[in-house]
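Asker: What follows is each chain in one-letter form.
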Amino acid sequence: MLTRLVCVCVCVCVCVCVCVCVCVCVCVCVCVCVCVCVCVCVCVCVCVCVSVRPSSSWWSNVELGPPDPILGVTEAFKRDEHPKKMNLGVGAYRDDAGRPYVLPSVKKAEAAMIAKNLDKEYLGIAGMAEFTRASAQLAFGADSAVFPDGRSTTVQSISGTGALRIGAAFLARFHKASNAMYLPKPSWGNHTPIMRDAGLNVQAYRYYDPSTCGFDCAGALEDIAKIPEKSMILLHACAHNPTGVDPRPEQWKEICEIAKKRQLFVFFDMAYQGFASGDSDRDAWAVRHFVENGHNVALCQSYAKNMGLYGERVGAFTMICADADEMKRVESQLKILIRPMYSNPPLHGARIASMILTTPELHQQWLVELKGMADRIIGMREQLVQNLRKEGSSRDWKHITEQIGMFCFTGLKPDQVDRIIKDFSIYMTRDGRISVAGVSSNNVAYLAHGIHEVTK
Amino acid sequence: MERPSSFAEVPHAQPIAVFQLTADFRVDPHPSKVNLGVGAFRTEDGLPWVLPVVAKTEAQLARELEESTLDHEYLPVIGHPEFTRLATQLSLGEASPGLQSGRAAGVQVIGGTGALRIGAEFLRRWWNPELGGKCPVYFSEPTWGNHLSTFRDAGFTDLRKYRYWDEACRRLALTELLEDLESAPEKSVVLLHACAHNPTGTDPTGPQWLQILDVVKRRNLFPFFDSAYQGFASGKLDEDAAAIRLFESHGLELLCAQSFSKNFGLYNERVGNLVIVARDSAALACIKSQIVLLVRAMWSNPPSHGARIVATVLGDPVLRKEWSSSGLSYPGEACVPDGKWAHQHVCSQFTQPQLCCRVYPRCSHNYLGMRVVHHDYGFQPL
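Those protein sequences? They're chains A and B, same order as listed.
Per my numbering, the very first residue in the first sequence carries number 1; after that it's consecutive.
Per my numbering, the very first residue in the second sequence carries number 1; after that it's consecutive.
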């Protein structure tokens, strides 16, 4: 670390000068002289130097990172003192009283687990085997052919983000045919940084049609058909984030066909299984269809929303492989990627999830509570549309009930969003996305009023 | 399959030595088998051990969850605020000039490994802009197996060693260590073990740390500490953090990867903290903001459970006392007699026991000085 020196010097100089002067006298009393002097000086300097802490850090080149738009919404919301303020930013489920909801089945599993006084030993790199097995069965169906074939490997991950990062890192290292990952336009904001940091090159295909607030099927199929062969494509399995717009089954079939023709590697992100329609098999339909039709997919699963285990970071990453031998090789390489990232995953949440998935009564209880969450969201969508009609809005708001999952692309433009925040203290991201989970029977009328006022 | 898989060429990775060792140990039928591989504490009966204060705190947390005073909501990206505050304070000490002037802070991460990885990712982008990933990083010879992989996967390509272990004399090779750091290019990164060096169990003494500090300062090397055994090495928390605090007191900026796996026995809850000491608070704010971006793209936000346990214990004077007295001393003391026990028992298996030289009774690993034979995946004793 360079230490800066501040020095104060006092110098004493002795000079010997030899001057040659040429004088020109203009008149009797005025003379102009020009002298050229050569001086030799000997100076003695005494310096006192003080070592001073550098005023700038080694990090003076580090830029301040951009603020996270979603967290920014929450921060602004917290500062606001409006009595009717609403936070429709962060995607975490809230009950009808606007409170975080810990599922009773989760509470029961957690209490039972802590009472068992299990040890805290390191898990293997791939995590808790009972959990990963149950997680894969939940996704693909217990009777899926991939299991007896031994073609499926699942590793526990740090929720959905961790699964995405492991998957992207694996593809960046081993998917030699292409480095390009195609994301739908728009996609979850964090997809791009994850893919980029993992070393992939991010591209896009059309997905959302702002004129209908629905799925741009023609645009998507056209773009996917043009994707260079053997590229990678990311699909949201259900409850697309941020739009809430999902393809219908016949549209999924078309995407499946084109992706096969282009030999695309299919990378599914499933963060809302069971949370979208209330039916976990139905929400996994697209994933299962692709697998049954010859795609060896990668799948990211999260239990943040569907089990409310947000902060415990419970997730899984699966690769469906060509055969059992490839599965073993792939699995070994996934471990090589995980170990230098965080060694092995956290156990607590996985134990809860595993107990729920593998204990029949708890599993049933969970499915009922999951449906309860999904139903409340669907109910809020319906109430919002009804209230907008009551407000006298002449616009077509059917996309609100046609979209699915936690998020809704209202169709509000950025300037309308700015107004609804400023005038009504209703907080959402500037793309017009609202988290329907933040809507309750207490505030849905106020929300409808605000939306109507800024869009009429 | 009509066409070859995209992954037909994926090679089978070498098993990771320490885990393969445990796997082999499990299937070994020998009645007196001993596993001296994985660094996790074992009781006299060879069993894992949950600290009583941890079990007590977990039961308390369970009650709070039941009563809905706690939930499972997301933590902030940089983690549980009380945890990071208390963890950083544990490492740097209450008298830390950095903490007192608001230019030191912690970021909660996934275990010590997570701290190393995030720290390395940050350094690769921001420490030495001209070199980036080509900036040399120095590790002790030997070092924990995962150190190099962590920095490599973070994008560093020039990984070097500084001599550390004097094989012949079974001690720290200080002269060679200082020589190697002296010849390191300016602005190299140096990974230092704060205490209980893994795997040798041998640490520099106080005066030796001063000499190391001197070279680091003169050569403008960036110190990155790995602190996985605070309290576990000597049984004394402050003593085990002395090296880090020494460097801080001399005005250096540094990173420290702090793990609570061993000293809280929370191995599988992945409780870690990346300590950052910057020269001023503006720099700290910038650093944290960049680390937020790195974390968000890797795991979004850290797990809650383990951090809550540590924050609860460190934040409650009674629980904290219980932890630092009985919680740490059992493993700390056990390591000393255990070290000798291991020496006697293991060496009796050898045909030439005199090859097992001195055992340094520090922490959970002791470099027994066994002659090794390279097996196909690592090493096993003769």
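Warning: the hint list may mix true and false statements.
Unchecked claim - Every beta carbon over 10 angstroms from chain B, so not counted as near; a handful from chain A, in silico:
| id | residue |
| --- | --- |
| 1 | 41 |
| 2 | 61 |
| 3 | 98 |
| 4 | 254 |
| 5 | 321 |
| 6 | 398 |
| 7 | 440 |
Stated by the list, open to error - Here are the computed distance ranges between Cβ atoms for each label pair:
| id | chain 1 | residue 1 | chain 2 | residue 2 | range |
| --- | --- | --- | --- | --- | --- |
| 8 | A | 119 | B | 326 | 13 to 21 angstroms |
| 9 | B | 326 | A | 358 | 32 to 40 angstroms |
| 10 | B | 187 | A | 414 | 41 to 49 angstroms |
| 11 | A | 204 | B | 239 | 49 to 57 angstroms |
| 12 | B | 251 | A | 104 | 24 to 32 angstroms |
| 13 | A | 177 | B | 326 | 40 to 48 angstroms |
| 14 | B | 210 | A | 414 | 37 to 45 angstroms |
| 15 | B | 14 | A | 129 | 31 to 39 angstroms |
| 16 | B | 63 | A | 361 | 30 to 38 angstroms |
| 17 | B | 33 | A | 196 | 28 to 36 angstroms |
| 18 | B | 211 | A | 10 | 53 to 61 angstroms |
| 19 | A | 228 | B | 157 | 26 to 34 angstroms |
| 20 | B | 168 | A | 10 | 36 to 44 angstroms |
| 21 | B | 187 | A | 115 | 49 to 57 angstroms |
Claimed, not checked - Here are a few chain A residues that sit away from chain B, every Cβ distance over 12 angstroms (derived from the structure):
| id | residue |
| --- | --- |
| 22 | 12 |
| 23 | 14 |
| 24 | 117 |
| 25 | 148 |
| 26 | 159 |
| 27 | 190 |
| 28 | 247 |
| 29 | 281 |
| 30 | 328 |
| 31 | 329 |
| 32 | 332 |
| 33 | 351 |
| 34 | 352 |
| 35 | 378 |
To be clear, the hints were calculated from the coordinates, so they are not data collected in a lab.
All of these numbers come straight from a predicted model, not from anything done at the bench.
All C-beta atoms, glycine included, are put in the ideal place defined by N, C-alpha and C.
Asker: Assuming the hint says 41 to 49 angstroms, is it satisfied by the Cβ distance from residue 187 of chain B to residue 414 of chain A or not?
Answerer: holds (44 angstroms)
Asker: For residue 177 of chain A and residue 326 of chain B, compare the CB-CB distance with the range 40 to 48 angstroms and indicate the outcome.
Answerer: violated (58 angstroms)
Asker: Far enough from chain B: is every CB of that chain over 10 angstroms from the CB of residue 61 of chain A?
Answerer: violated (6 angstroms)
Asker: Would you say the C-beta atoms of residue 211 of chain B and residue 10 of chain A sit inside 53 to 61 angstroms of each other?
Answerer: violated (37 angstroms)
Asker: At the C-beta level, are residue 326 of chain B and residue 358 of chain A separated by a distance inside 32 to 40 angstroms?
Answerer: Holds, since residue 326 of chain B and residue 358 of chain A (Cβ atoms, about 36 angstroms apart) stay within the stated range.
Asker: Can we trust that residue 41 of chain A is non-interface, i.e. its beta-carbon lies farther than 10 angstroms from all of chain B?
Answerer: Nearest chain B Cβ is 36 angstroms from residue 41 of chain A, so the label holds.
Asker: Far enough from chain B: is every CB of that chain over 12 angstroms from the CB of residue 378 of chain A?
Answerer: Given a closest Cβ separation of 23 angstroms, the condition holds.
Asker: Between residue 119 of chain A and residue 326 of chain B, does the beta-carbon spacing fit 13 to 21 angstroms?
Answerer: For residue 119 of chain A and residue 326 of chain B the Cβ distance comes to about 19 angstroms; the hint holds.
Asker: Since residue 254 of chain A was said not to touch the interface, does its Cβ keep a gap of more than 10 angstroms from each Cβ of chain B?
Answerer: holds (20 angstroms)
Asker: Beyond 10 angstroms on every Cβ pair: is that true for residue 398 of chain A relative to chain B?
Answerer: holds (32 angstroms)
Asker: Could you tell me whether the CB distance from residue 63 of chain B to residue 361 of chain A stays inside 30 to 38 angstroms?
Answerer: violated (23 angstroms)
Asker: Given a hint of 49 to 57 angstroms, does the C-beta separation of residue 187 of chain B and residue 115 of chain A actually sit inside it?
Answerer: holds (53 angstroms)
Figure legend: structure checked against the earlier numbered hints; hints not met, in rising order: 2, 5, 12, 13, 14, 15, 16, 17, 18, 20, 24, 26, 27, 30, 31, 32, 33, 34.
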